[in-house]
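So the chains spell out like this:
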Amino acid sequence: MRDFTYQRPASLAEARNAAALPGAMLLAGGTTLLDLAKCGVAAPETVIDISHLPGLASIEVGLQGARIGALAKMSAVADNAGIIREFPAVSEALWQSASAQLRNMATIGGNLLQRTRCAYFRDPSGFPACNKRNPGSGCSALGGVTRNHAVLGASPSCIATNPGDLAVALVAFDAQVELGARTVALEDFLLTPGDHPERETDLRPGEIIATVSIPASVAARRSTYLKVRDRQSYEFAAASAAVGIEFEPDGRTIRDLRVALGGVATRPWRARNVEDALKGKVLEPDAVRRASLLAMEGAIAQADNHYKIELAPRVVARALLKTGELA
Amino acid sequence: MSAAEATRRYGDSSDSSSTASGSVIGASVTRFDGSAKIRGAATYALEHRPANVAHAVLVPSTIAAGRVRSIGTAMAEAAPGVLKVLTPDNAPTLKAASDWLGNPPARPDYQPLTAEIAYAGQYIALVIAETFEQATQATHLLDIVYEEADAVSGLRDVAEGGGFLAEPMTREWGDAQAAFASAPVQIEQEYEMPREFQMPIEPNGLIAEWQGDKLTIWEPCQWLDGMARTYSEWFGIPFENVRIISPYIGGGFGSKAFCGPHDAIGAMAAKMLGRPVKLALTRPQIFSSIGGRAATRQTIAIGATKEGKLLSIVHTGASETSINETWVEPLGVVTALMYATPNLSSHQRVVRVNTVMPGAKRAPGENPSAFGIESAIDELAYEIGMDPLEIRLRNYAEEDPHTRKPWSTRQLREAFAAGAEAFGWSRRKPEPRSMRDGHHLIGWGVAAGTYPVRRAAGEARVRLLADGTVEVSSSTIDMGQGAYTVIAQTAAEVFGLPLDKVAVKLGDSSLPRAGVTGGSRMAGVMTSAVHKTAVALREQLVELALTHPASPFRALQANTLTVADGRISSPLADGAVISIGSFLAAIGKTEIDATRDTFAEIGIDPKDSYKNYTTIAMAPPPTAGDFSLHSWCAHFIEVRVDEDFGTVRVSRAVSAFDSGRLYNPRLAASQIKGGIIMGIGQALLEEGLVDGRHARLMNANLADYLIPTNADIPDIEVISVGIPDPHASALGGKGVGELGIVGVAPAIANAVFHATGKRIRDLPITLDKLI
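So the protein lines, in turn, are chains W and Z.
Those letters in the first sequence? Residues 57 to 383, by the numbering used here.
Those letters in the second sequence? Residues 236 to 1006, by the numbering used here.
Hints in this document: simulated from the structure, not taken from any laboratory.
For clarity, every value in this text was computed on a predicted model and none was experimentally measured.
Treat the hints loosely; a few may be bogus.
As the list claims (entries may be wrong) - Calculated from the model, a selection of chain Z residues having no Cβ within reach of chain W, i.e. all distances over 10 Å:
#1 F399
#2 R928
#3 A938
#4 I954
Said to hold, decoys possible - Residues from chain Z shown here face chain W by an in silico Cβ test under 10 Å; the list is partial:
#5 I273
#6 G301
#7 P519
#8 M621
#9 E625
#10 I677
#11 G881
Cβ coordinates follow ideal geometry from the N, Cα and C atoms, glycine included.
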């Protein structure tokens, strides 16, 4: 922990101005910021506390979909009756995230901006080289302990996995983030590393996530989030899948399908190739298992994470069959 | 916190219903300290707030081998609130301390802050400031320049046969190689366990305060007298000048029994500043301050008949230690004890790697040893098509196979029977992959465990007060296992008092002495000492009642009197019935007291008192005397393995154990369950992940170093099959605390094989190994 200036703006507009200054970081639930400050990754010059700002913690679920204030707590969203009814995958993703203590503190906006759990990123004193922390310094994870690193969306600059659960469910159902003047699809907002792993989001100076909106859909109503990990609670995903299915009136043929993966990629990974392969088909186990393999198209394993390439399609298949009541 | 504030009375417990009756040894009363802990009223050592305390923060080395070329301190020293920066350049040299066996140090001097680096996380500087935050901030202002050298990251960096032979670990009888070579059935496999850490929730650390050449330390501590000796030797002051206060311990598991470098540095800082200094380790620092369980590798070759009778065991092991110090994790201790075999050979090598010196984690030695032999015997069972329980009974050791001495007690056959019955073992289908429930492959596994009875002498003081209450005091500690409670039960029984009339003072090295709380010896040592002392005091009371001129009983001319329910009476019921308090008042005393030790019972010369309490050199081995003394257990485990994902869940656990007589079955069951939970973590989750390029631990935090959550733990049934063992302790108990973990990991690995047909020989059994 290093010294910093603390500010407590009176309004969202004031907070946006303050956040535009170099060295400024927002404080909401604090579960990510404090953690990263302790391990030496975050060293803000100014901390802008927005946790008290009014009107940003509401959860509204209507015919058009859901609007969730950025300061709503993870536990409140997970337990919201409308979310459970209209977007079960979103509620399930939250319940399987972090721990009860963290869910009671952490906010939805902060959750979407959480940083990777890459142990090299989180250890600046031991590993000065990290393209996320120091652009151009290199990637220490390459050739290191890589059991939980990404097999999809990685680049020679960075193989860090996006750790989120909620974001996976949101990307599956086309959620958008409202940033003030702009509203952006979450899938576009969260970036793959490419040559610039230091850029993780499309958040521009002065922007703050104010609201997360999820359009209503039949597929979202019939959805699930399946998370696989060695420990039953308080662990990041070895692989996870958010899926939703809309059937034709025959109850068997797939009209609309949503598949997104977590724990395997540098950002929440929408698997449109799996969706496209199954749309218009009858949901049955063999077809689902075959199509699920497509989710790993382009996957590249490191020394310790080959298992993710085996595991992830099985997670997708189980989630689809479970949602279709075939598993 | 004064010692008096650490005194616990039974009235502090939340369960007042159990105070009136059952105040005897063997009753399942709840913990003395439970209510205080739940209410937050139990003040732990590091919560002590001395006036004018300064705060210290350590700086760990980021390299694992090489040296610190320089540390620039100017900016840190100029930072707000900073009082002092200690580095290898200005830190004083201490005297080296002898080890826990009392062996003198190899070198006369000890520099806890040195420029020569032998492991990542080794401390190279300390910043002391008015506040913790100021000290932390200033650590970032140090300008550290390293010269990095190549490091050895672990056992896999060292060729087979590397390191040195740990000669005392060698066991040989018969001709094991020849018997193996000619055996009709042969199996040979390698078993590995990674580096593990104790991870108590209460962090390690200390508060040190000097007054002249007297040092007071507040520190969570499993061995007050042993650690006080280390401090006294480091600073060249008399042992009596060190006082350690440790009222409660938030988990130890072996991590709080020995002083670490942070202790020397913290006490040194307080001396240099002339102020109390608080030094609490951060969670990441704990991983490299006190060593956990060493990484190990074992090869086990078993030769047997086709009927499953063992002919030979050939065992070789390797364990890691640090560059500068030697810790041996004894890998052959269960191998050479559990089964009857006419031929055995066991050798162990120790390999130096760039790590903090490993240490004691719950059942050091027995735990990895049991993983090897209890996996191998299971492999043999499948090899010859025999039930894994049957093969264990067929090779049951009727005597200690090494010393050929009879067991004092060995209720292992009874443990197998009781566990199998409760678990329903007879319904097991023998073939792997033959039991399933939907996507889950179900597996049932069994394994045995054992832990030696470690005896030692103890000392206690018991006071009988004018209000009719009893106070017991000792420098032993309660780390959650129930020392306060079983000690009170022992005293209450002797005086026939309800538990709420007994107070217990522990955790202060100025009290009557006790040895280490480790090796599952505390309850046996302290109930023996307290019982002896309380009986002596009761006899003193009776003697006074019979002979004191002012005693109302004097006229009775009786030979003895009855002391029960807090009252004194004649056994013939022909005289007065007087409360102990009224009696003391009648003879004009406010209290009487007695202090006794158990040197005579353990066969130790009282001249060796200091060595008895401050080292483990005097402790007789479990095979000293005419018998071989050990606790035993049998674990029965059900796992459910998802056939697609490879995730393993323990869905049932039944364990039967022989710890002799139980002083408090509720607390003993808690200890066994705790061991099983830790064993589940060891089997499925725990692993220090080391970056082999830099010998650096990559998961030094509790989000990434996985220990079980409540969701990972099923209902656990534990069954006591023990009988009183008069050779183990005065009151018939054997050890409890370490036993529960021994054999859990192989029982789970065996169950995973039964479920999946895959034998996992390197822990933990993570999903990637099964997918």
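Under 10 Å is the threshold here; is the Cβ of I677/Z close enough to any Cβ of chain W for the hint to stand? violated, 17 Å
Over 10 Å to the closest beta carbon of chain W is the bar; see if A938/Z clears it. Since the minimum Cβ distance to chain W is about 7 Å, A938/Z lies within 10 Å and the statement is violated.
Against chain W, with CB atoms and a cut of 10 Å, does the hint on I273/Z hold up? violated, 18 Å
Using the nearest Cβ pair, does G301/Z come within less than 10 Å of chain W? violated, 14 Å
I954/Z remote from chain W - nearest C-beta pair above 10 Å: holds, 26 Å
Supplied contact hint for M621/Z, tested at 10 Å Cβ to chain W: Violated. Min distance 32 Å.
For F399/Z, is the shortest CB-to-CB distance to chain W above 10 Å, so the non-interface label stands? Consistent with the label, F399/Z stays out of reach of chain W, its closest Cβ about 29 Å off (over 10 Å).
Does R928/Z clear chain W by more than 10 Å, comparing its Cβ with all Cβ atoms of that chain? violated, 7 Å
For the hint on G881/Z, just tell me whether its beta-carbon gets within less than 10 Å of chain W. Holds: closest Cβ of chain W sits about 8 Å from G881/Z, inside 10 Å.
Hint validity - E625/Z Cβ closer than 10 Å to any chain W Cβ: Since chain W brings no Cβ nearer than about 32 Å to E625/Z, farther than 10 Å, the hint is violated.
Holds or violated: P519/Z as interface residue toward chain W, Cβ cutoff 10 Å? holds, 8 Å
Consistency with the previously given hints fails for numbers 2, 3, 5, 6, 8, 9 and 10, ordered from lowest to highest.
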